[in-house]
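K.L.:
In terms of our numbering, the sequence shown opens at residue 73 and continues consecutively.
None of these hints come from the bench; they were simulated from the model.
Remember, it's a predicted structure, so these values are computed and weren't measured experimentally.
Please note that the accuracy of each hint is not assured.
So the derived label-pair ranges between C-beta atoms look like this [to be verified]:
{"id": "1", "residue 1": "643", "residue 2": "802", "range": "31 to 41 Å"}
{"id": "2", "residue 1": "235", "residue 2": "193", "range": "26 to 36 Å"}
{"id": "3", "residue 1": "193", "residue 2": "267", "range": "28 to 38 Å"}
{"id": "4", "residue 1": "549", "residue 2": "373", "range": "30 to 40 Å"}
{"id": "5", "residue 1": "105", "residue 2": "457", "range": "44 to 54 Å"}
{"id": "6", "residue 1": "553", "residue 2": "271", "range": "26 to 36 Å"}
Below, computed lysine to aspartate or glutamate pairings styled on DMTMM-like, alpha-carbon distance capped at 25 Å [stated by the list, open to error]:
{"id": "7", "residue 1": "225", "residue 2": "547"}
{"id": "8", "residue 1": "324", "residue 2": "247"}
{"id": "9", "residue 1": "225", "residue 2": "290"}
{"id": "10", "residue 1": "767", "residue 2": "810"}
{"id": "11", "residue 1": "625", "residue 2": "588"}
{"id": "12", "residue 1": "266", "residue 2": "256"}
{"id": "13", "residue 1": "263", "residue 2": "217"}
{"id": "14", "residue 1": "489", "residue 2": "871"}
{"id": "15", "residue 1": "263", "residue 2": "280"}
{"id": "16", "residue 1": "340", "residue 2": "377"}
{"id": "17", "residue 1": "600", "residue 2": "682"}
{"id": "18", "residue 1": "764", "residue 2": "836"}
{"id": "19", "residue 1": "235", "residue 2": "353"}
{"id": "20", "residue 1": "704", "residue 2": "721"}
{"id": "21", "residue 1": "324", "residue 2": "370"}
{"id": "22", "residue 1": "625", "residue 2": "917"}
{"id": "23", "residue 1": "75", "residue 2": "125"}
{"id": "24", "residue 1": "75", "residue 2": "126"}
{"id": "25", "residue 1": "764", "residue 2": "752"}
{"id": "26", "residue 1": "225", "residue 2": "508"}
{"id": "27", "residue 1": "340", "residue 2": "430"}
{"id": "28", "residue 1": "156", "residue 2": "401"}
{"id": "29", "residue 1": "404", "residue 2": "154"}
{"id": "30", "residue 1": "625", "residue 2": "456"}
{"id": "31", "residue 1": "667", "residue 2": "805"}
{"id": "32", "residue 1": "497", "residue 2": "464"}
{"id": "33", "residue 1": "238", "residue 2": "228"}
{"id": "34", "residue 1": "259", "residue 2": "273"}
{"id": "35", "residue 1": "684", "residue 2": "775"}
{"id": "36", "residue 1": "489", "residue 2": "855"}
{"id": "37", "residue 1": "656", "residue 2": "724"}
{"id": "38", "residue 1": "647", "residue 2": "707"}
{"id": "39", "residue 1": "656", "residue 2": "713"}
{"id": "40", "residue 1": "625", "residue 2": "596"}
Using N, Cα and C, we set each Cβ at its ideal position, and we do this for glycine too.
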Amino acid sequence: MHKYVYLFSEGNGSMRELLGGKGANLAEMTNLGMPVPQGFTISTEACTKYYEDDRNINDEIKAQVYEALARIEKINGKKFGDAKNPLLVSVRSGARASMPGMMDTILNLGLNDEVAAGLIAGNPTPAFTRFVYDSYRRFIQMFSDVVMELSKKTFEVIIDEVKAAKGVKNDIDLDADDMKKLVDLFKAHYKEEKGEDFPTDPAVQLMEAIKAVFRSWDNPRANVYRRMNDIPYSWGTAVNVQPMVFGNLNDKSGTGVAFTRDPATGEKALFGEYLINAQGEDVVAGIRTPSKISKLHEEMPAVYDQFVDIATRLENHYRDMQDMEFTIENGKLYMLQTRNGKRTAAAALKIACDLVDEGMISREEAVMRVEPKQLDSLLHPQFDAAALKAAEVVGKGLAASPGAACGRVVFSAEDAKSWAANGEKVVLVRLETSPEDIEGMAAAQGILTVRGGMTSHAAVVARGMGTCCVSGCGEITMHEEEKYFTLAGKDYHEGDWISIDGSTGNIYGCAVKTVEATISGNFDRFMKWADSFRVLRVRTNADNPRDTAQAVKFGAEGIGLCRTEHMFFEATRIKAMREMIVAKTVEARKEALAKILPYQQGDFEAMYRELKGRPMTIRFLDPPLHEFLPTKEEDIAEIAEELHVSVAELKDVIASLHEFNPMMGHRGCRLAVTYPCIAEMQTTAVINAAIKVNKEFSWYRIEPEIMIPLVGEVKELKFVKDVVTATADRLIEEAGVEMKYTVGTMIEIPRAALTADEIATEAEFFSFGTNDLTQMTFGFSRDDAGKFLDSYYDHKIYESDPFAHLDQKGVGKLVKMAAEMGRATRPHIKLGICGEHGGDPASVEFCHNVGLNYVSCSPFRVPIARLAAAQAAIREQRQ
Numbered sequence: 073m074h075k076y077v078y079l080f081s082e083g084n085g086s087m088r089e090l091l092g093g094k095g096a097n098l099a100e101m102t103n104l105g106m107p108v109p110q111g112f113t114i115s116t117e118a119c120t121k122y123y124e125d126d127r128n129i130n131d132e133i134k135a136q137v138y139e140a141l142a143r144i145e146k147i148n149g150k151k152f153g154d155a156k157n158p159l160l161v162s163v164r165s166g167a168r169a170s171m172p173g174m175m176d177t178i179l180n181l182g183l184n185d186e187v188a189a190g191l192i193a194g195n196p197t198p199a200f201t202r203f204v205y206d207s208y209r210r211f212i213q214m215f216s217d218v219v220m221e222l223s224k225k226t227f228e229v230i231i232d233e234v235k236a237a238k239g240v241k242n243d244i245d246l247d248a249d250d251m252k253k254l255v256d257l258f259k260a261h262y263k264e265e266k267g268e269d270f271p272t273d274p275a276v277q278l279m280e281a282i283k284a285v286f287r288s289w290d291n292p293r294a295n296v297y298r299r300m301n302d303i304p305y306s307w308g309t310a311v312n313v314q315p316m317v318f319g320n321l322n323d324k325s326g327t328g329v330a331f332t333r334d335p336a337t338g339e340k341a342l343f344g345e346y347l348i349n350a351q352g353e354d355v356v357a358g359i360r361t362p363s364k365i366s367k368l369h370e371e372m373p374a375v376y377d378q379f380v381d382i383a384t385r386l387e388n389h390y391r392d393m394q395d396m397e398f399t400i401e402n403g404k405l406y407m408l409q410t411r412n413g414k415r416t417a418a419a420a421l422k423i424a425c426d427l428v429d430e431g432m433i434s435r436e437e438a439v440m441r442v443e444p445k446q447l448d449s450l451l452h453p454q455f456d457a458a459a460l461k462a463a464e465v466v467g468k469g470l471a472a473s474p475g476a477a478c479g480r481v482v483f484s485a486e487d488a489k490s491w492a493a494n495g496e497k498v499v500l501v502r503l504e505t506s507p508e509d510i511e512g513m514a515a516a517q518g519i520l521t522v523r524g525g526m527t528s529h530a531a532v533v534a535r536g537m538g539t540c541c542v543s544g545c546g547e548i549t550m551h552e553e554e555k556y557f558t559l560a561g562k563d564y565h566e567g568d569w570i571s572i573d574g575s576t577g578n579i580y581g582c583a584v585k586t587v588e589a590t591i592s593g594n595f596d597r598f599m600k601w602a603d604s605f606r607v608l609r610v611r612t613n614a615d616n617p618r619d620t621a622q623a624v625k626f627g628a629e630g631i632g633l634c635r636t637e638h639m640f641f642e643a644t645r646i647k648a649m650r651e652m653i654v655a656k657t658v659e660a661r662k663e664a665l666a667k668i669l670p671y672q673q674g675d676f677e678a679m680y681r682e683l684k685g686r687p688m689t690i691r692f693l694d695p696p697l698h699e700f701l702p703t704k705e706e707d708i709a710e711i712a713e714e715l716h717v718s719v720a721e722l723k724d725v726i727a728s729l730h731e732f733n734p735m736m737g738h739r740g741c742r743l744a745v746t747y748p749c750i751a752e753m754q755t756t757a758v759i760n761a762a763i764k765v766n767k768e769f770s771w772y773r774i775e776p777e778i779m780i781p782l783v784g785e786v787k788e789l790k791f792v793k794d795v796v797t798a799t800a801d802r803l804i805e806e807a808g809v810e811m812k813y814t815v816g817t818m819i820e821i822p823r824a825a826l827t828a829d830e831i832a833t834e835a836e837f838f839s840f841g842t843n844d845l846t847q848m849t850f851g852f853s854r855d856d857a858g859k860f861l862d863s864y865y866d867h868k869i870y871e872s873d874p875f876a877h878l879d880q881k882g883v884g885k886l887v888k889m890a891a892e893m894g895r896a897t898r899p900h901i902k903l904g905i906c907g908e909h910g911g912d913p914a915s916v917e918f919c920h921n922v923g924l925n926y927v928s929c930s931p932f933r934v935p936i937a938r939l940a941a942a943q944a945a946i947r948e949q950r951q
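Given these sequences and hints, build the entire structure.
P.N.:
Here it is as structure tokens:
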């Protein structure tokens with residue numbers, strides 16, 4: 073018989089793949105002798121089996137669940153479903169990778185009318201009666217929402233109606249009779265919606281809840297979160313069944329969440345919140361504003377001291393900052409969870425550096441602790457100091473996730489997505505965020521919530537994304553339906569500008585200018601550690617001196633892709649480009665190109681100066697010529713006049729350049745085959761720029777790298793290369809200097825990868841253009857694929873966007889094959905990658921593993937690639 077169910081005492085912290093993160097850590101805390109309510113974990117393998125069995129739990133798994141239940145009844149001295157001495161349980165998800173708020177939880181399971189009456193009979197005080205019915209109404213609401221998919225909000229409306237009728241503001245002001253009334257109203261609402269009574273058999277409740285947690289692995293928000301965080305669908309989730317301990321029992325009870333260090337700054341101090349007389353969901357949902365953990369010292373000093381001791385032990389044991397959930401029942405502390413805490417990038421760097429300084433971990437371990445993608449948030453704007461001084465603070469919330477955000481107000485995740493898709497910067501303003509808001513949160517510059525503490529859903533998810541967030545601004549009066557909110561006596565409507573500071577919690581009622589971030593001491597120190605481990609070089613994709621300087625500041629070791637066509641679109645240059653396109657003779661074409669030459673050369677000179685001797689790979693003209701010509705009638709007329717041709721003539725040229733699939737048409741090296749004078753002009757610009765800057769700075773020793781794009785046949789590469797070398801050799805000789813240069817190609821057509829051994833006879837380097845290689849290998853357009861890829865994600869055909877994460881099975885196989893064949897022909901051939909994948913951590917690791925020399929990515933992703941390359945090298949050494 074295969075084992076699917078493990079008591080906490082049967083597991084340990086190394087069984088994460090089988091028990092999920094939560095289950096493995098509950099087992100580990102049990103082994104450490106900590107006060108954990110003793111339950112059991114249903115493994116991730118059971119989840120996989122559930123999906124294999126067409127979303128059913130088989131009899132073998134059910135039997136193991138009931139056997140484990142009998143064992144925890146014995147340990148806890150209570151019986152599940154018993155009216156006199158009932159065992160109530162929580163059913164919670166727990167995947168291998170932490171996915172805060174993405175999946176489902178059910179508390180107080182096992183309650184029905186008989187169990188509630190039996191509990192009250194043992195302690196018939198009004199306070200205890202209130203507690204029982206409070207727990208019962210919570211269970212009905214959660215079970216209905218999570219298991220039966222009834223909207224949680226409809227239950228909130230019923231609660232609000234009962235509070236309004238009584239004239240009270242908070243749930244805590246409702247007494248035992250009110251709670252009993254809510255139970256009756258909830259059950260009636262359930263029957264009205266579902267056409268049947270609320271399930272009363274605890275065994276049925278338990279199995280349905282376990283199924284619901286398994287189902288939640290495949291809910292839309294979990295799928296989006298997994299896609300954003302590269303978590304494979306095949307992992308599945310475990311389910312933890314644990315005896316309930318009640319933070320809502322009385323005023324000597326409570327519940328809380330705490331971190332061993334500040335998750336926003338990394339400061340070494342206990343950081344957290346708790347609520348007296350509440351259950352865990354109250355803290356996370358942010359419906360009531362919690363107290364700081366330090367206040368617990370005044371209210372329950374013995375419990376506080378015990379908790380501090382446990383927190384210290386856990387951090388020392390895991391050698392990392394811990395995020396812990398706890399409940400206090402009638403003055404007794406219970407630990408419900410520990411995990412490595414989600415933290416901001418700034419906090420991650422500080423904690424990594426501090427743990428090295430404290431002797432807890434090695435530098436190598438520190439480098440492995442920081443998520444490469446997180447670094448992104450450190451490189452993005454902060455508020456301009458002068459603009460900030462002039463701006464008036466109109467409100468203040470909690471500084472939940474650092475950074476500066478300025479944008480137009482939107483009130484729903486859908487609006488945030490659609491406005492952002494139209495190029496608008498938005499700030500998502502919500503009463504409280506829910507896991508369904510994940511895509512809107514990702515699209516927004518910042519998130520502002522009315523409710524919720526530092527450990528609310530909005531705060532945790534925003535910190536994980538590196539998105540600025542201010543939470544719990546209770547001064548805001550929200551009018552969600554009417555799409556406006558009121559703060560400090562002023563109404564802010566949809567589309568109005570606001571700015572929020574996630575580092576201070578300040579809210580500004582206007583647009584505040586932002587400036588580039590500055591790189592801190594910890595960042596610099598940490599990146600030096602990363603660089604000491606990595607083998608792969610990191611270059612940048614840049615087309616102008618400004619981006620070049622930015623990338624060098626972020627540690628780029630050269631330019632891996634300079635797209636020369638971007639230099640032609642400026643108003644002063646495009647006219648000459650259009651003259652070249654409409655020219656009818658070679659002489660006229662050369663005359664037009666001669667006008668472009670000084671601009672092109674000047675750009676290369678400026679970039680060479682910014683690079684200070686670092687290498688630059690310059691890609692020759694790539695796009696089809698129609699991209700340089702107008703499409704609107706009025707523009708055609710204006711440009712025809714400018715070029716001294718008739719409108720009819722210009723229209724004929726435009727019509728002749730029309731292609732059904734221009735991305736697979738007359739572009740790249742095909743332009744240079746048709747018009748060799750384009751390659752001549754570009755070679756002249758590159759070589760002259762290098763000669764000039766080498767004369768200014770002899771120690772730079774620039775060796776130009778010229779890249780011919782879109783090659784699919786060695787003969788076409790040879791044809792263009794001959795034009796390049798004839799021009800370059802002549803210019804070098806005329807200048808009377810010695811200068812090396814190399815000519816290589818971009819491998820972006822599958823045929824080039826398949827014939828890489830032949831192509832390497834002419835190419836001195838390969839750069840894999842994985843954007844086009846992906847497009848041509850999959851056979852879909854990268855401009856249009858977004859329209860249908862969502863259906864592919866929904867049906868689990870693809871788990872991620874192949875333009876964001878390199879497809880290692882197909883496209884990756886072509887890269888690996890071409891690299892091996894290229895080396896077989898030319899052993900010292902230089903190999904790089906310059907598609908968007910160059911800044912994606914998983915793709916960077918692949919590039920390391922297949923032995924490329926460098927990756928090239930956009931300037932802001934350079935630190936991400938540096939860290940990913942270091943981690944890939946460390947992982948390889950460990951294997």
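K.L.:
Flag every earlier hint the structure violates by its number, smallest first.
P.N.:
none
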